[in-house]
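Visitor: Listed here are the chains, written in short residue letters.
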Amino acid sequence: MRPTFDPFVIPFVASMTFVLAYCIIGMIRIVFQLPKEDRRKFLRSLITPKIFWKNIKDLFGDSLFHVKIWKRKPLLGYMHSAIAFGWFMIIVVGHFETVALSPLKDMHLPLWEKLMSNLYMPIFFRYFAVEAPTLNAHIFAFLMDFFLLVIISGIVIAVVKKKRPRKVGLKRVTKFGLKEDLVRISLWTIFPLRFLAEASMANISGGSFLTKFIGFDLLFGGHYSETLSYILWWAYSTDLAIFMTLLPFSRYMHIPAEAFLILLRNAGLKTTEPRKGYAVAEIYSCPSCGLCIDVCPMSEVKENYRNTAVYFIRNIRKGKRRRDVKHKTEICLMCGKCIEVCPLGIDSLKIKMAQREKTYYKIKSDFEYLSQQTTDNRQQTVNKADKVVYFAGCMSHLTPKITRAMTKIFEYANENYEFLDKEGSICCGRPMMLTGKKEEAKALIEKNTEMIKKSGAKRLVLSCPICYRVFKEEYNLEGIEILHHTQYINELIEKERIDVDRSDKRYVYHDPCELGRVFGVYDEPRNIIDNIGLLTQGKSDKDMAVCCGGSIASLTMTKEERDEITKNAIKDLTLNHPEEIVTACPLCLKTFARFAPIKVKDIAEIVEENIVEN
Amino acid sequence: MIDFGFSISKSSHIQMDDVDLKTFKKLEALNPDINTCMSCGLCTATCSAGNFTDVSFRKIILMLQRGKDKEALQKVKRCMMCGKCMMICSRGINTRNILLSITRLYNEEEK
Chain A
1 MRPTFDPFVI PFVASMTFVL AYCIIGMIRI VFQLPKEDRR KFLRSLITPK
51 IFWKNIKDLF GDSLFHVKIW KRKPLLGYMH SAIAFGWFMI IVVGHFETVA
101 LSPLKDMHLP LWEKLMSNLY MPIFFRYFAV EAPTLNAHIF AFLMDFFLLV
151 IISGIVIAVV KKKRPRKVGL KRVTKFGLKE DLVRISLWTI FPLRFLAEAS
201 MANISGGSFL TKFIGFDLLF GGHYSETLSY ILWWAYSTDL AIFMTLLPFS
251 RYMHIPAEAF LILLRNAGLK TTEPRKGYAV AEIYSCPSCG LCIDVCPMSE
301 VKENYRNTAV YFIRNIRKGK RRRDVKHKTE ICLMCGKCIE VCPLGIDSLK
351 IKMAQREKTY YKIKSDFEYL SQQTTDNRQQ TVNKADKVVY FAGCMSHLTP
401 KITRAMTKIF EYANENYEFL DKEGSICCGR PMMLTGKKEE AKALIEKNTE
451 MIKKSGAKRL VLSCPICYRV FKEEYNLEGI EILHHTQYIN ELIEKERIDV
501 DRSDKRYVYH DPCELGRVFG VYDEPRNIID NIGLLTQGKS DKDMAVCCGG
551 SIASLTMTKE ERDEITKNAI KDLTLNHPEE IVTACPLCLK TFARFAPIKV
601 KDIAEIVEEN IVEN
Chain B
615 MIDFGFSISK SSHIQMDDVD LKTFKKLEAL NPDINTCMSC GLCTATCSAG
665 NFTDVSFRKI ILMLQRGKDK EALQKVKRCM MCGKCMMICS RGINTRNILL
715 SITRLYNEEE K
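For the record, the sequence lines run as chains A and B. The first sequence begins at 1 in my numbering and counts up one residue at a time. The second sequence begins at 615 in my numbering and counts up one residue at a time.
Do not take every clue at face value.
[As the list claims (entries may be wrong)] Result set (DMTMM-like, lysine to aspartate or glutamate): computed pairs, CA atoms no more than 25 angstroms apart in a straight line: (1) K640/B <-> E357/A; (2) K73/A <-> D541/A; (3) K505/A <-> E609/A; (4) K326/A <-> D563/A; (5) K362/A <-> E642/B; (6) K362/A <-> E685/B; (7) K401/A <-> D563/A; (8) K458/A <-> E494/A; (9) K438/A <-> E722/B; (10) K689/B <-> E439/A; (11) K358/A <-> E722/B; (12) K171/A <-> D541/A; (13) K362/A <-> E722/B; (14) K326/A <-> E642/B; (15) K364/A <-> E685/B; (16) K639/B <-> E560/A; (17) K691/B <-> E446/A; (18) K684/B <-> D634/B; (19) K559/A <-> D647/B; (20) K364/A <-> E642/B; (21) K364/A <-> E722/B; (22) K387/A <-> E415/A; (23) K682/B <-> E368/A; (24) K684/B <-> E440/A; (25) K691/B <-> E439/A; (26) K454/A <-> E473/A; (27) K542/A <-> E564/A; (28) K362/A <-> D668/B; (29) K689/B <-> E357/A; (30) K472/A <-> E37/A; (31) K270/A <-> D38/A; (32) K691/B <-> E474/A; (33) K270/A <-> E473/A; (34) K673/B <-> D366/A; (35) K453/A <-> E423/A; (36) K689/B <-> E368/A.
Calculated from the structure, these hints are not laboratory results. Just so we're clear, the structure is a prediction, and the values are computed from it rather than from any experiment.
Use the sequences and the hints to build the structure in full.
Guide: What follows is the structure, given as structure tokens:
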């Protein structure tokens, strides 16, 4: 008869209790930090059947398997799934095994002892169990060995990833301090120690192919030593205790935090405060995997890799170094690639926006002069019913070839249109919001809304993706269809309202961040180019397109740093020797035009050039 | 006074010894590129707000350099932050960040 308790379980039980308590208190704190409405929304989501099933699906798909990593980097996907899902299965199967075969099963114990034993028994089962000759026991032993092997294979990849990032397809991995190293090493050694401990006494407790045959027979030579085995069990438990105790203070906090984040996200919550509520859940969920480092346009300049999302989140989490947080908040180009690639979908940009809103400006804006601007002097003769309003936006006025091309296209299509801001436009408000002056931007938004509503149009065509975003997100233009000119022109071509000539000129298309990643307008511009010439591929496109470097979202980035990003983006785009670069954003156009070795054109221009007059 | 059909305008002479440039020095330290401005006027020509009113980045810099803070701030307040001046600037000055720094550093009440 084996004992049912041994002092070596104490470190594990104590640390496990600590972690559970820490996580529960943390969760309650986050829920209380949420704005009242969000809290109600969250609690209601927990009992809504539809969201409940989505939660279950996401918990498995995202936090155990990490489907998103599989899609981008299969090897890393395997690594994560092996460790996360393997560990999960060891816990689950371990519990079933304990329920089925536990030596405590038929004993009458006081309640608290039963509870305690429930906590440690599945973890140290093999120490307390005696090999049973039943089929059940063999199946359990096989499953446990199988998942242990899966985890160990995952850890091998993790070690390779740490030592030689390029072998697994990464250029850079996040750099860590001493504490994180200690936690990581304790995690890596948990399962090898478990294997050794289980193997060392496989003759008594039984085991399967891994622990019994490879472990006990080959590694230990079939020899059982009680002291060695006992030391190994102590080592296993202590190692677990080190990991569990440090977990809340390390990046491995993402294990519990991520599950909670999925629940919050499925409830439809968003960041409103940079260091409260939802943002805290996101910050603790960041596993510091560093996938965002390689994709960030800023890390093209080697010294700037520390401006990336992972380091920003780490700075916020540490709570100190306000200057670093401020710097990283203000230099970001907000291209959104880091969100696209993040396995957890952590929206660090929303945190940065919330952080920017906290900036205190002594001098407030004054847009009194706008109210004197009249919009009445426009000709109101055109029929309002099918009228299209064209709002070029201030950036497009910097590149008049876009507005010229657009007016021609309108005329060719015989469109009943009005060029709303022909005499110079009022800014859409997005640049103002990006500096954190959300309230002050409202004056601009109101003025533009008033102008558009007054025109009585049912459709609004925009040339600038920055305007497009803010019109869609912040403006209240009910009943008016908002289109970017790529969508509008595509519609004209599809409905055969304009005809274009097809040549075999080679084009490459650059996806503007705000049009592509934010609204997923990928197909329309490609469709247009397909009708005009040959579309070639750059190095990366669609959701992985590189920012042009001109983004107005960055407040502090210097010209030199911007130029590096621009040159790099051009290098990527001209990979397959296109004859012209085509884009759909006046800002990208202007930025590229300075450095591009070939012509850069807006999509409206190439349509206008190739239009066939009927 | 006899009306000659013309008059002598008020002197625009500025006594630089009396001007308090303490805040401007702070601004300079934060944005060293401010002094590379050569007043070419590209920013003024492209300015979105300048279309409707007298905002001009070039003038703001000149006024601040000469201690005419109040007039400069009057212009700064009307900026829409669209960033066109930054894109067009022939000296690559981060004009937008300078304007933001001004709104952080300067006080309206003083002077």
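Visitor: Now, for every hint given, state plainly whether the structure supports it.
Guide: Comparing the hints with the structure gives:
1. Under the criterion of a C-alpha separation no larger than 25 angstroms, the hint pairing K640/B with E357/A is consistent with the structure, at around 23 angstroms.
2. Annotation: proposed proximity of K73/A to D541/A holds, straight-line Cα distance about 17 angstroms (limit 25 angstroms).
3. Using a Cα cut-off of 25 angstroms, the hinted pair K505/A and E609/A holds, with the two alpha carbons roughly 12 angstroms apart.
4. Note on K326/A and D563/A: the hinted pairing holds, with a Cα-Cα distance of about 23 angstroms set against a maximum of 25 angstroms.
5. The straight-line distance between the Cα atoms of K362/A and E642/B is roughly 18 angstroms, inside the 25 angstroms bound, and the hint therefore holds.
6. As the CA atoms of K362/A and E685/B are separated by approximately 16 angstroms, the hinted pair is consistent with the 25 angstroms bound.
7. A hinted pair counts as satisfied when its Cα atoms are at most 25 angstroms apart, and K401/A with D563/A qualifies at roughly 23 angstroms.
8. This hinted pair checks out: K458/A and E494/A have alpha carbons roughly 20 angstroms apart, not beyond 25 angstroms.
9. For the hint pairing K438/A with E722/B, the CA-to-CA distance comes to about 21 angstroms; that is within 25 angstroms, so the pair holds.
10. A C-alpha spacing of about 19 angstroms is found between K689/B and E439/A, which places the hinted pair at or below 25 angstroms, so the restraint holds.
11. The suggested pairing of K358/A with E722/B holds, with an alpha-carbon distance near 20 angstroms, which does not exceed 25 angstroms.
12. At roughly 19 angstroms between alpha-carbon atoms, K171/A and D541/A fall within 25 angstroms of each other, so this suggested pair holds.
13. Note on K362/A and E722/B: the hinted pairing holds, with a Cα-Cα distance of about 8 angstroms set against a maximum of 25 angstroms.
14. Proximity of K326/A to E642/B is assessed by CA-CA distance (about 19 angstroms); at most 25 angstroms being required, the pair is judged to hold.
15. For the given pair, K364/A sits about 15 angstroms from E685/B by alpha-carbon distance, which is consistent with the 25 angstroms threshold.
16. Under the criterion of a C-alpha separation no larger than 25 angstroms, the hint pairing K639/B with E560/A is consistent with the structure, at around 24 angstroms.
17. Among the hinted pairs, K691/B with E446/A is consistent with the structure: their alpha-carbon atoms are about 18 angstroms apart, no more than 25 angstroms.
18. Between K684/B and D634/B, the direct Cα distance comes to roughly 12 angstroms. Compliance with the 25 angstroms bound is thereby established for this hinted pair.
19. The hinted pair formed by K559/A and D647/B meets the criterion: a straight-line CA distance of about 10 angstroms does not exceed 25 angstroms.
20. For the hint pairing K364/A with E642/B, the CA-to-CA distance comes to about 21 angstroms; that is within 25 angstroms, so the pair holds.
21. With a C-alpha separation of about 9 angstroms, the suggested pair K364/A and E722/B falls inside the 25 angstroms cut-off, and the hint holds.
22. Pair hint K387/A plus E415/A holds up; C-alpha atoms about 8 angstroms apart against a cutoff of 25 angstroms.
23. Only pairs whose Cα atoms come within 25 angstroms are accepted, and K682/B paired with E368/A is accepted, the gap being roughly 22 angstroms.
24. Pair hint K684/B plus E440/A holds up; C-alpha atoms about 21 angstroms apart against a cutoff of 25 angstroms.
25. Taking the CA atoms of K691/B and E439/A, the gap is near 14 angstroms; set against the 25 angstroms cutoff, the hint holds.
26. For the suggested pair K454/A and E473/A, the alpha carbons sit about 20 angstroms apart, so the restraint of at most 25 angstroms is met.
27. With a C-alpha separation of about 21 angstroms, the suggested pairing of K542/A with E564/A holds against the 25 angstroms cut-off.
28. Among the hinted pairs, K362/A with D668/B is consistent with the structure: their alpha-carbon atoms are about 21 angstroms apart, no more than 25 angstroms.
29. In summary, the hint linking K689/B to E357/A is supported, as the alpha carbons are separated by about 23 angstroms, within the 25 angstroms threshold.
30. Our distance criterion of 25 angstroms between C-alpha atoms is met by K472/A and E37/A, whose separation comes to about 23 angstroms.
31. Between K270/A and D38/A, the direct Cα distance comes to roughly 9 angstroms. Compliance with the 25 angstroms bound is thereby established for this hinted pair.
32. For the proposed pair K691/B and E474/A, the alpha carbon gap of about 22 angstroms is at most 25 angstroms, so the pair holds.
33. For the suggested pair K270/A and E473/A, the alpha carbons sit about 14 angstroms apart, so the restraint of at most 25 angstroms is met.
34. Between K673/B and D366/A the alpha-carbon distance is near 18 angstroms, which keeps this suggested pair within the 25 angstroms criterion.
35. At roughly 18 angstroms between alpha-carbon atoms, K453/A and E423/A fall within 25 angstroms of each other, so this suggested pair holds.
36. A C-alpha spacing of about 12 angstroms is found between K689/B and E368/A, which places the hinted pair at or below 25 angstroms, so the restraint holds.
Every hint, counting from the list given before, is met by this structure.
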